[in-house]
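Engineer: Under the working numbering, think of the first position of the sequence shown as 17, with each following residue one higher.
A portion of the hints provided could be inaccurate.
[To be verified] Calculated lysine to aspartate or glutamate pairs in the EDC-like style (CA-CA distance at most 16 Å, straight line):
| no. | residue 1 | residue 2 |
| --- | --- | --- |
| 1 | Lys431 | Asp377 |
| 2 | Lys339 | Asp283 |
| 3 | Lys319 | Asp377 |
| 4 | Lys431 | Asp357 |
| 5 | Lys427 | Asp377 |
| 6 | Lys431 | Glu397 |
[Unchecked claim] If you anchor each label on the Cβ, the simulated ranges turn out as follows:
| no. | residue 1 | residue 2 | range |
| --- | --- | --- | --- |
| 7 | His199 | Leu139 | 40 to 48 Å |
| 8 | Arg246 | Leu142 | 35 to 43 Å |
| 9 | Ser66 | Arg246 | 49 to 57 Å |
| 10 | Arg395 | Gly204 | 49 to 57 Å |
| 11 | Ile389 | Asp233 | 35 to 43 Å |
| 12 | Ile389 | Thr263 | 38 to 46 Å |
| 13 | Arg369 | Asp292 | 24 to 32 Å |
No lab work stands behind these hints: they were computed from the structure.
None of these values were measured; they are calculated from a predicted model.
C-beta: ideal position from N, C-alpha, C; glycine also.
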Amino acid sequence: MKQKQSWYEAIYRQLPAGIAGLALDGTLCFVNPAGCAMLGYDESELVGLSLRCLACPDDHHQDAPPDPSMAGLLPGVSLVTCWRHRLGHPVWVQVTCVLLDANDAPAARILQFQDISARHEELLTLRQAEQRLTLVLESAGLGAWDCDLRTGAMVLNRQWYTMLGYEPDELPAKLGAWRDLVHPGDIGRVSKAFEAHVRGETDRFEAEYRMRTRAGDWRWVLGQGRVVARSATGEATRAAGTHLDITARRREQEQARHLSLHDVLTDLPNQRLLQDRLFVALNAARRSRETVAVVFIDLDNFKSINDSHGHGVGDVVLQVAAKRLRISMRGHDTVARVGGDEFVLVLTRCESRVAVEQTVDRLLDELAQPIVIGSGSVRLEASAGIALFPNHATDAQSLLRCADIAMYAAKRKGKGCCATYDAFAMLQQAE
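Put together the whole structure using the sequences plus the hints.
Structural biologist: Shown next as structure tokens:
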């Protein structure tokens with residue numbers, strides 16, 4: 017018995033964890049050397065002291081239980097709280113307790129506690145870093161994602177959901193759910209880029225694509241990320257990255273691109289886009305052995321209208337002329353404004369020269385309809401020149417030149433009509 021007693025005393029004094037006896041009224045009955053060293057007190061200073069006296073000020077222990085006396089601590093339950101060191105600094109401890117009974121009634125509590133201040137500081141530092149990261153992500157409008165590539169489970173921050181109009185509980189946090197939101201026209205390209213990075217073929221994943229919002233519309237996002245963990249065999253197991261809503265930027269880019277390819281006044285394709293459309297049309301016609309017509313139209317009396325009615329009316333007349341040409345064209349044809357009062361048409365899949373001439377005559381009749389200006393009206397006259405691929409030329413510049421020559425031939429015929437390019441006849445007219 018004495019030997020056991022000496023063992024117990026040795027354990028009590030040499031155990032690295034703190035041991036304390038706590039009376040039912042919350043006062044300390046004893047504290048072992050490790051516990052005293054942990055708090056900076058002698059045992060005589062602690063015995064009889066209420067445990068409440070060791071509690072840290074509120075600003076140091078937001079996570080501490082509301083009852084510093086531990087009266088509510090259940091046996092076998094571990095909790096983390098903050099006690100004050102004799103020198104005044106906080107000591108974070110993890111506490112468990114055992115009830116001592118006497119005559120079948122609780123008599124005291126035995127507390128075991130360990131100093132976890134270093135671990136707590138690490139957790140606090142980590143939490144603060146996470147808070148700073150969250151603030152940065154939210155301020156930058158970045159949605160963050162973290163994906164377990166083995167299970168498809170994802171961790172997504174609130175901004176990721178917010179940019180798509182969802183609440184976190186409205187979407188499953190799974191890779192499959194993410195893919196389901198990607199636009200059908202983008203999913204193949206995005207999946208290919210992501211899988212190439214997972215296989216280690218690229219340094220990072222980056223793609224711009226559309227995602228469906230809760231309201232059903234589409235938002236452009238810039239997705240970026242990289243594999244952050246691989247197995248011993250090199251298999252990618254985890255990837256993380258961000259989403260940035262770039263809808264506004266894409267819209268601005270599209271607007272800038274549109275302006276660079278279209279006439280500001282009429283919104284028709286300009287010379288640059290005309291060249292591109294004509295190049296594509298000729299390549300397609302070569303493959304399919306079809307005819308393409310290039311039509312040069314000049315408004316004969318536009319200068320007199322502009323001079324007599326002013327530039328404001330002149331602009332309206334050009335807009336009306338452009339609209340009439342546009343709505344009279346087939347979807348696969350092109351009408352472009354290439355000068356002040358000059359337009360070029362590219363007609364594809366043409367059946368014959370006669371069919372093209374009939375189409376152009378109809379367009380000239382449409383242009384000649386009165387245009388209401390205030391209480392009056394004006395009437396346009398236009399001349400048109402036609403050149404055919406491959407009959408008259410086989411490249412874009414030559415076709416445009418032939419159509420221009422034919423247009424001037426139409427003007428010499430009396431204006432308000434069309435002429436088809438004929439090299440011999442037009443040479444005679446020029447002479």
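Engineer: The structure should be examined with respect to each hint, and the outcome stated for every one.
Structural biologist: Quick rundown of the hints versus the structure:
1. A threshold of 16 Å between alpha carbons decides the hint, and for Lys431 with Asp377 the separation of about 12 Å falls inside it, so the pair holds.
2. For the hint linking Lys339 to Asp283, the alpha-carbon distance of about 9 Å falls within 16 Å, and the restraint holds.
3. With a C-alpha separation of about 22 Å, the suggested pairing of Lys319 with Asp377 is violated against the 16 Å cut-off.
4. Simply put, Lys431 and Asp357 have alpha-carbon atoms about 14 Å apart, close enough for the 16 Å limit, and the pair holds.
5. Between Lys427 and Asp377 the CA atoms are separated by roughly 14 Å; this keeps the pair inside 16 Å, and the hint holds.
6. At most 16 Å may separate the alpha-carbon atoms for a hinted pair to count; Lys431 and Glu397 meet this at roughly 7 Å.
7. At roughly 41 Å, the beta carbons of His199 and Leu139 sit within the given window of 40 to 48 Å.
8. Between Arg246 and Leu142, the C-beta spacing of about 24 Å breaks the proposed range 35 to 43 Å.
9. About 55 Å separates the C-beta atoms of Ser66 and Arg246, a value consistent with the hinted range of 49 to 57 Å.
10. Between Arg395 and Gly204 the C-beta distance comes to about 53 Å, which sits within the given range of 49 to 57 Å.
11. For Ile389 and Asp233, the hinted distance range of 35 to 43 Å is satisfied, since their beta carbons lie about 40 Å from each other.
12. Taking the beta carbon of each, Ile389 and Thr263 are about 41 Å apart, inside 38 to 46 Å as hinted.
13. Taken as a hint, the range 24 to 32 Å holds for the pair Arg369 and Asp292, whose Cβ atoms sit roughly 26 Å apart.
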